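When you get a sec, could you build the whole thing from the sequences and use the hints?
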Amino acid sequence: MRDRDTPQVAIFIETSKTFGREILQGISTYSRTHGPWSVYIDEWGPETSLPDWLNGWEGDGIIARVRSRQMAERLAALNVPVVDTLQQIPSLELSGVYSDDVALARIAFEHLQDRHLRHFAFVGVERANWSLRRQQEFARQAQQQGAACEIYSPLSRRRFAESWNGGQEDLADWLESLPKPVGLMAAHDLRALCVLDACRRRKIAVPEQVAVVGVDNDDVFCEVVDPPLTSISHQAKEIGYQAAALLDRLMRGQQTDDSTILIPPRLLIPRRSTDTVAVDDPAIAAALEFIRRNACGKISVSLIAREVNLARRSLERRFIRLVGKTPHQIIAEERLRRARQLLIDTDFTLEQIATMSGFSSAAYLSVIIKQNENCTPTEFRQRTFR
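Numbering (full-length UniProt numbering), first residue to last: 1 to 386.
Derived by calculation from the structure, the hints in this document are not laboratory data. Since the structure is predicted, the reported quantities are computational estimates derived from the model, not experimental observations. Hints are supplied without guarantee of correctness; some may be wrong.
Stated by the list, open to error - The list that follows gives simulated cross-link-like pairs (lysine-lysine, DSS-like), each with its CA atoms no further than 30 Å apart:
{"id": "1", "residue 1": "Lys325", "residue 2": "Lys180"}
{"id": "2", "residue 1": "Lys370", "residue 2": "Lys325"}
{"id": "3", "residue 1": "Lys180", "residue 2": "Lys203"}
Spelled out as structure tokens, the structure:
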């Protein structure tokens with residue numbers, strides 16, 4: 001006989017991808033600390049159908065990645081609370097916890113802009129609401145900087161519909177037509193792998209001609225390709241945790257104003273696919289590369305000038321003209337980027353992180369984090385990783 005004091009929860013989330021498994025870990029953390037729950041979970045993939053036993057199921061709640069209106073309607077017919085974690089379909093009347101697609105696109109654009117690229121492009125996933133939001137924000141960011149953003153739209157292209165190979169050839173033709181060098185965001189890592197394959201077909205150099213950023217940071221996909229793929233990681237465990245917390249409130253009948261919760265991305269993991277500096281001046285390009293490699297050590301503007309065989313004053317003038325920033329500003333940005341990454345990825349003390357990222361003291365690093373993130377280093381860690 002069923003224990004009515006123990007909520008029965010069904011979970012329909014892909015177990016084949018790192019992102020889905022981490023969402024499950026977040027749900028597990030919540031159910032262990034606030035449960036117990038009786039949880040149903042099974043192998044689940046992108047094409048898996050909802051099981052027949054749902055027709056007579058007497059459960060209490062569901063967490064799912066809702067892929068279609070038909071799936072949403074079938075879940076809604078069960079008359080139990082449902083929390084979505086995909087946001088694939090626009091205007092679904094479902095509670096949900098999602099990655100912040102606008103923030104994802106901004107991070108991708110800022111990273112490519114930091115490479116001093118001036119042309120941009122986006123390759124998305126057809127009929128996916130989350131992909132469209134990323135595309136729109138990425139294009140908006142480009143427009144704000146006075147740049148165009150080319151959009152690949154395979155649904156209007158006959159060869160894409162004919163076969164996978166035809167689609168790849170069509171994508172390769174489109175990539176070949178873009179102004180170079182170009183910074184390209186793919187809606188997720190699998191689409192980014194298609195871009196890398198299409199570039200190989202036309203011998204388009206990555207990252208020198210096309211710098212590519214993906215989303216999901218699935219290590220299997222990002223590291224197996226050549227060049228390895230720069231990608232943005234989600235806070236998937238936090239998405240799972242907050243989805244479980246929201247479902248718990250709904251199952252208890254609590255009124256909630258937060259039926260849609262957006263979780264910011266975790267961080268961007270730079271790899272070889274964006275390891276380029278798009279500056280026409282070879283000396284300044286070399287200087288930017290030198291800063292990226294050495295910013296966290298003992299570095300000075302004079303040292304950079306000697307490295308690229310320029311007078312210091314000439315170096316500074318060229319930086320302002322070509323990059324719009326001074327060498328000191330670029331060094332500071334690289335150090336802050338490194339400190340953020342260490343705060344998220346390690347449990348090192350603030351003193352250790354300050355030393356490793358090139359700051360003179362933990363106190364000074366704390367001031368810089370406060371200025372840029374509007375929070376303390378401890379708060380930054382807590383809000384970006386559970």
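For each hint, the structure was consulted:
Taking the CA atoms of lysine 325 and lysine 180, the gap is about 23 Å. The hint holds against a cut of 30 Å. Annotation: proposed proximity of lysine 370 to lysine 325 holds, straight-line Cα distance about 22 Å (limit 30 Å). With a C-alpha separation of about 13 Å, the suggested pair lysine 180 and lysine 203 falls inside the 30 Å cut-off, and the hint holds.
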